[in-house]
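Let the hints inform the model, and build the full structure from the sequences given.
Residue numbering for the sequence shown is 1 to 390, as defined by full-length UniProt numbering.
Calculated from the structure, these hints are not laboratory results. Check before you lean on any hint, since a few could be wrong.
[To be verified] Below, computed lysine to any residue pairings styled on SDA-like, alpha-carbon distance capped at 25 Å:
1. K79 to S158
2. K196 to R214
3. K310 to T294
4. K310 to P249
5. K99 to E86
6. K216 to E237
7. K173 to G342
8. K205 to E221
9. K373 to E237
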Amino acid sequence: MAALPKNRASTPHLHTDHRAALEMLKESEARFRALAGSLPGMVFHLRRDAGGDYRFLYVNEGSHRLFGVKQHEILASAKKFFDAIEPEDRHALEAALAKSADTGVPLDWKGRLRGRHRGKWADMRSTPQRGDAGEVDWQGIATDITRGKEIEAELRSSREQLSELSFHLEAAKEQERERIARDIHDDLGSILVRLKIEASLLAGKLPAQPAALREKARSIEGLLDQAMGTTSRVARELRPGILKEFGLPAAIESLTEDFCQHFGIACRVQCDDDLESDADTSLALFRIVQETLTNVAKHAHASTVFVRMKREKGCITLELRDNGRGISESDMNKPRSFGLRGIRERVHSLAGEFSVAAVEHGGTCIRLRVPEKRGSEPVATEEEIQRKLF
Numbered sequence: 001m002a003a004l005p006k007n008r009a010s011t012p013h014l015h016t017d018h019r020a021a022l023e024m025l026k027e028s029e030a031r032f033r034a035l036a037g038s039l040p041g042m043v044f045h046l047r048r049d050a051g052g053d054y055r056f057l058y059v060n061e062g063s064h065r066l067f068g069v070k071q072h073e074i075l076a077s078a079k080k081f082f083d084a085i086e087p088e089d090r091h092a093l094e095a096a097l098a099k100s101a102d103t104g105v106p107l108d109w110k111g112r113l114r115g116r117h118r119g120k121w122a123d124m125r126s127t128p129q130r131g132d133a134g135e136v137d138w139q140g141i142a143t144d145i146t147r148g149k150e151i152e153a154e155l156r157s158s159r160e161q162l163s164e165l166s167f168h169l170e171a172a173k174e175q176e177r178e179r180i181a182r183d184i185h186d187d188l189g190s191i192l193v194r195l196k197i198e199a200s201l202l203a204g205k206l207p208a209q210p211a212a213l214r215e216k217a218r219s220i221e222g223l224l225d226q227a228m229g230t231t232s233r234v235a236r237e238l239r240p241g242i243l244k245e246f247g248l249p250a251a252i253e254s255l256t257e258d259f260c261q262h263f264g265i266a267c268r269v270q271c272d273d274d275l276e277s278d279a280d281t282s283l284a285l286f287r288i289v290q291e292t293l294t295n296v297a298k299h300a301h302a303s304t305v306f307v308r309m310k311r312e313k314g315c316i317t318l319e320l321r322d323n324g325r326g327i328s329e330s331d332m333n334k335p336r337s338f339g340l341r342g343i344r345e346r347v348h349s350l351a352g353e354f355s356v357a358a359v360e361h362g363g364t365c366i367r368l369r370v371p372e373k374r375g376s377e378p379v380a381t382e383e384e385i386q387r388k389l390f
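Next up, the structure:
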């Protein structure tokens, strides 16, 4: 009985502690709501119950700024939130939520909004938490990424415009090459032929003695032969007439034969005979092989080059590999690495994919894949090239 007054005496303290705890809880909740309300997005707590139905347990005022749906409307019905999203992207969000709930992977969704907020983009991120009753909770934040998407679109548009400009500049350059090649072949070539004939006639009319004079005439004939050969080779490189007349495989064969004779580097070529690329694509691929062979001669210290070109599902794949010293990361990233940059630009202008890497046991390998016809849809990603192409 003596303990009863003591218990009664402690009751007021219990009430006081309880009230203090409630006050602290209210203050903490007020601070959280103030913080959540100041964030530039929608803070949310979304739950999917065991039956697969969604409801929001909490959203801040940012729901109205971002999605155009008031806070109490989303809390009353999750459908209001989902209806604020473009149908295609809404399905993507539902699929992302289902995958996150089933596998435990974080939710990471980006999509477009509809209604008066049409044109805006939102991003939702959260890590799922599974409850004992089979429910799944996501607590996270949705943010406005519209400006970032606009910048992406501007960069993409700028890149496309630069690609088109590059293509037109390349076309102009090819026209100039063709003009120069025509002048070399028609004018300079004709002059050299006439000089050769005159030198031969002159050599035939010289007396047998002195022998040195006749030998000098023969030397002039030899130099003219070299000049005519060089003129012919330069004209072919500037204007690959064989490309128009006999097609890409024959042009590549001719190019590699000239390369082998000029630099003494062996070339092994494998080209499908049924390549059906258009004129622009054929010329671009020819120039890519030409530029790559030039780089091999200048930098690779190689003794053999392997060229393989094949047709595959409406695309042309090309591999060029040498057994030289190999390319380094610093070589690929040099500001004045215009050869590689030019190849990459050509491939990009054809909506293709390009990769370059050092070979494990020495040498460099360039791989690319482009549509047969310029203007086709973009083709495989670089990861797919590395995994599937060769």
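Original post:
Taking only the CA atoms, is the gap from K310 to P249 under or equal to 25 Å?
Top reply: At roughly 10 Å apart (the allowed maximum being 25 Å), P249 and K310 satisfy the hint.
Original post:
Holds or violated: K79 with S158, Cα cutoff 25 Å?
Top reply: 39 Å, violated
Subject >> Restraint status (C-alpha distance of K205 to E221 at most 25 Å) >> reply: This hinted pair holds, its Cα atoms lying about 14 Å apart.
Original post:
Between K173 and G342, does the CA-CA distance stay at or below 25 Å?
Top reply: 13 Å, holds
**OP:** Verify the proposed pairing of K216 with E237, using a straight-line Cα cut of 25 Å.
**Re:** Since the Cα atoms of K216 and E237 sit roughly 32 Å apart, the hinted pair is violated (cutoff 25 Å).
Subject >> Given pair status - T294, K310, alpha carbons within 25 Å >> reply: 22 Å, holds
Original post:
When you check the alpha-carbon spacing of K99 and E86, does it fall within 25 Å?
Top reply: 20 Å, holds
Original post:
Are the Cα positions of K373 and E237 separated by 25 Å at most?
Top reply: 23 Å, holds
Original post:
Are the Cα atoms of K196 and R214 separated by 25 Å or less?
Top reply: Holds, because 15 Å separates the two Cα atoms, which is no more than 25 Å.
Violation of the numbered hints given earlier is confined to hints 1, 6; the remaining hints are satisfied by the structure.
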